[in-house]
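**Student:** Modelling step: build the complete structure from the supplied sequences, incorporating the hints.
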Amino acid sequence: MMKRSFIRVLLALAGMAVMFAAPAQARVEININRGNVEPLPIAVTDFQSANDIGAQISSVIAADLQRSGLFAPVNKAAFIQKITDPNQMPRFEDWKAINAQALVTGRVTREGDGRLRAEFRLWDTFAGQQMTGQQFFTQPENWRRVAHIIADAIYKQVTGENGYFDTRVVFVSESGPKTARQRQLAIMDQDGFNVRMLTNSKDIVLTPRFSPNRQEVTYMSFEGQQPRVYLLQLETGQREVVGNFPGMTFSPRFSPDGQKVIMSLQQDGNSNIYTMDLRSRTTTRLTNTAAIDTSPSYSPDGGRIVFESDRGGRQQLYVMNADGTGQTRISFGDGSYSTPVWSPRGDLIAFTKQSAGKFSIGVMKPDGSGERILTTGFHNEGPTWAPNGRVIMFFRQAAGAGGPQLYSIDLTGYNEQMIKTPAFASDPAWSPLLE
Amino acid sequence: MSRTHTPAMSRMQSLARNPAVIALTLALALAGCANKKNMPNSAGELGLGAGGAGAATPGSSQDFTVNVGDRIFFDTDSTSIRADAQQTLDRQAQWLQRYPRYAITIEGHADERGTREYNLALGARRAAATRDYLASRGVPASRMKTISYGKERPVAVCDDISCWSQNRRAVTVLGGAGS
Numbered sequence: 001m002m003k004r005s006f007i008r009v010l011l012a013l014a015g016m017a018v019m020f021a022a023p024a025q026a027r028v029e030i031n032i033n034r035g036n037v038e039p040l041p042i043a044v045t046d047f048q049s050a051n052d053i054g055a056q057i058s059s060v061i062a063a064d065l066q067r068s069g070l071f072a073p074v075n076k077a078a079f080i081q082k083i084t085d086p087n088q089m090p091r092f093e094d095w096k097a098i099n100a101q102a103l104v105t106g107r108v109t110r111e112g113d114g115r116l117r118a119e120f121r122l123w124d125t126f127a128g129q130q131m132t133g134q135q136f137f138t139q140p141e142n143w144r145r146v147a148h149i150i151a152d153a154i155y156k157q158v159t160g161e162n163g164y165f166d167t168r169v170v171f172v173s174e175s176g177p178k179t180a181r182q183r184q185l186a187i188m189d190q191d192g193f194n195v196r197m198l199t200n201s202k203d204i205v206l207t208p209r210f211s212p213n214r215q216e217v218t219y220m221s222f223e224g225q226q227p228r229v230y231l232l233q234l235e236t237g238q239r240e241v242v243g244n245f246p247g248m249t250f251s252p253r254f255s256p257d258g259q260k261v262i263m264s265l266q267q268d269g270n271s272n273i274y275t276m277d278l279r280s281r282t283t284t285r286l287t288n289t290a291a292i293d294t295s296p297s298y299s300p301d302g303g304r305i306v307f308e309s310d311r312g313g314r315q316q317l318y319v320m321n322a323d324g325t326g327q328t329r330i331s332f333g334d335g336s337y338s339t340p341v342w343s344p345r346g347d348l349i350a351f352t353k354q355s356a357g358k359f360s361i362g363v364m365k366p367d368g369s370g371e372r373i374l375t376t377g378f379h380n381e382g383p384t385w386a387p388n389g390r391v392i393m394f395f396r397q398a399a400g401a402g403g404p405q406l407y408s409i410d411l412t413g414y415n416e417q418m419i420k421t422p423a424f425a426s427d428p429a430w431s432p433l434l435e
Numbered sequence: 001m002s003r004t005h006t007p008a009m010s011r012m013q014s015l016a017r018n019p020a021v022i023a024l025t026l027a028l029a030l031a032g033c034a035n036k037k038n039m040p041n042s043a044g045e046l047g048l049g050a051g052g053a054g055a056a057t058p059g060s061s062q063d064f065t066v067n068v069g070d071r072i073f074f075d076t077d078s079t080s081i082r083a084d085a086q087q088t089l090d091r092q093a094q095w096l097q098r099y100p101r102y103a104i105t106i107e108g109h110a111d112e113r114g115t116r117e118y119n120l121a122l123g124a125r126r127a128a129a130t131r132d133y134l135a136s137r138g139v140p141a142s143r144m145k146t147i148s149y150g151k152e153r154p155v156a157v158c159d160d161i162s163c164w165s166q167n168r169r170a171v172t173v174l175g176g177a178g179s
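Each protein sequence line maps, in turn, to chains V and X.
Heads up, the first sequence is in UniProt numbering, so the first residue is 1 and it goes up one at a time.
Heads up, the second sequence is in UniProt numbering, so the first residue is 1 and it goes up one at a time.
Derived by calculation from the structure, the hints in this document are not laboratory data.
Among these hints, one or two may not hold up.
[Unchecked claim] Covered by chain V, per the in silico footprint, the following chain X stretches (three or more residues, Cβ under 8 Å): (1) 115 to 123; (2) 138 to 149; (3) 157 to 171.
[What the hints assert, rightly or not] For each label pair, taking beta carbons as the anchor points, the in silico distance ranges come out as: (4) V:196 with X:57: 47 to 53 Å; (5) X:159 with V:372: 50 to 56 Å; (6) V:87 with X:159: 34 to 40 Å; (7) V:356 with X:136: 36 to 42 Å.
All values reported here derive from a predicted model rather than from experimental measurement.
Positions of the beta carbon are idealized from the N, C-alpha and C atoms, including for glycine.
**Tutor:** Printed below as a string of structure tokens:
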């Protein structure tokens, strides 16, 4: 009972060493084991409840954990013990017998004020002890969020790093034929549920990006046949043009402190990078070339900016200081590189690469070293990072008349998954963790 | 520019009861499109109204689209005006000077084989190059606006170079919006 437990999560890290902090109770060993992913078998039991809400919450938790690729939920049909009191010590032998190394039990009750109270316990069956136990309160309509929050708590307890399940994704929902495609901004939970349209389909909308506080989205719209960068308040639906520029503004993104929008301005065929301070409304020009400079993305500390430019011929990645000084090319491989996005951890930059007629999603270090391609095909584009810097979402377009779909992939290049959306979807942007 | 009868052309002619289809065929030939295998999906996407070549009165928008040619094409990742495109733009400049009542918008487009943001910028460059060429041939800059649609408004849909080459284009639109 007092013996330290060892839950092994074997991660295929393709030669890349990632050290995770050890969580307080269980010690997790990350075995660098190229090409061999061994997810942790976990039994997620139906939470006790007066109706089926407990089972629904459990199934969302299990689906989150499974999609991460780090957990393998055990089939409920194999369960031996029926949990009748989630606060009692489970019969660990029954769970070890079906090789469930971790066990989740819980209960959902209704508070006097109508709120849901959801409590869960995570058990280490081989050590025979509880790893963590927490409870949450929420409005009944937010039951999926509670499930995501519990899945994040389990993920963090076992892997030692923050989860990413209680997050949302803004994207462009696309419908209609390719020659007359209609586009709407849309928002959904990271697992593809609760899709909501944010704009109508009248105008082309592109490249939505979350603000750090998750309350705003900046994007590009062709409203009034004037392609410009906009700011949308998610709560109120209020929209405004960002800045008063004399040409097309595009490719917007927030600074990490949320105070600025960085974007490209097109004038006479040249595209340069500008920032606009959202408080003072002052604009600052950061690049000044006769080239296409676009897709700027800040480092998480706000000190540097990665962007793409064709100043050297084909599109390549460049890094500069936040004031525009020190512009340095970092990509030197075969082909062209575009849409760079700095990881929330700061250690990597994700990009789209075009080479030999294929489009790939890859990552490299901010100094340009250590390039790794995660996926390659006819057309993959537009990576965005999960807030823990562990998973990348992007869109994939098949050849021909069809449309794009959203996919996620682990930083290792394993566990590629399609995210089901009601229509075609492109330009995903992952939110920070909700609070 | 010769009009050989490929199977696609025969199919087009079997549909020739629709006057818009005739106009579409002519417009493509005049625009110097090298490839006849993949036609744009509908006449509407070429900005054609009802009425074919025979109905185009001089100085009308049909006249411009059908008899002058409203679009030019570009090589991959290129914004330089090709020799065949120069001929089209020379005709456009003459026509626009003859009919000065039209303000025009030049739409720049890119094929799908690039990333979204870059293609927006590339389309803008193509529109600007087209505008500058027309200005050099005497069309006042004050009459011209430009807009880029990047890769978001293809006219031809397939997965090979024959379509991509039709989508890398600048279209001169009579009236229209832009900046």
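**Student:** Now tell me if each hint is right for this structure.
**Tutor:** Here is how each hint holds up against the structure:
1. Here's how the stretch 115 to 123 of chain X fares: 7 of its residues keep a CB closer than 8 Å to some CB of chain V, so the rule of at least three is met and the hint holds.
2. Under a criterion of three residues with beta carbons nearer than 8 Å to beta carbons of chain V, the stated coverage of the stretch 138 to 149 of chain X is upheld, 3 such residues being counted.
3. Closer than 8 Å: that is the beta-carbon criterion, and the stretch 157 to 171 of chain X has 3 residues meeting it against chain V, so the requirement of 3 holds.
4. At roughly 50 Å, the beta carbons of residue 196 (chain V) and residue 57 (chain X) sit within the given window of 47 to 53 Å.
5. Here the CB-CB span from residue 159 (chain X) to residue 372 (chain V) is close to 28 Å, at odds with the stated 50 to 56 Å.
6. Taking the beta carbon of each, residue 87 (chain V) and residue 159 (chain X) are about 59 Å apart, not inside 34 to 40 Å as hinted.
7. The beta-carbon spacing between residue 356 (chain V) and residue 136 (chain X), approximately 38 Å, falls within the hinted interval of 36 to 42 Å.
The structure fails to meet hints 5, 6 from the earlier list, while all remaining hints are met.
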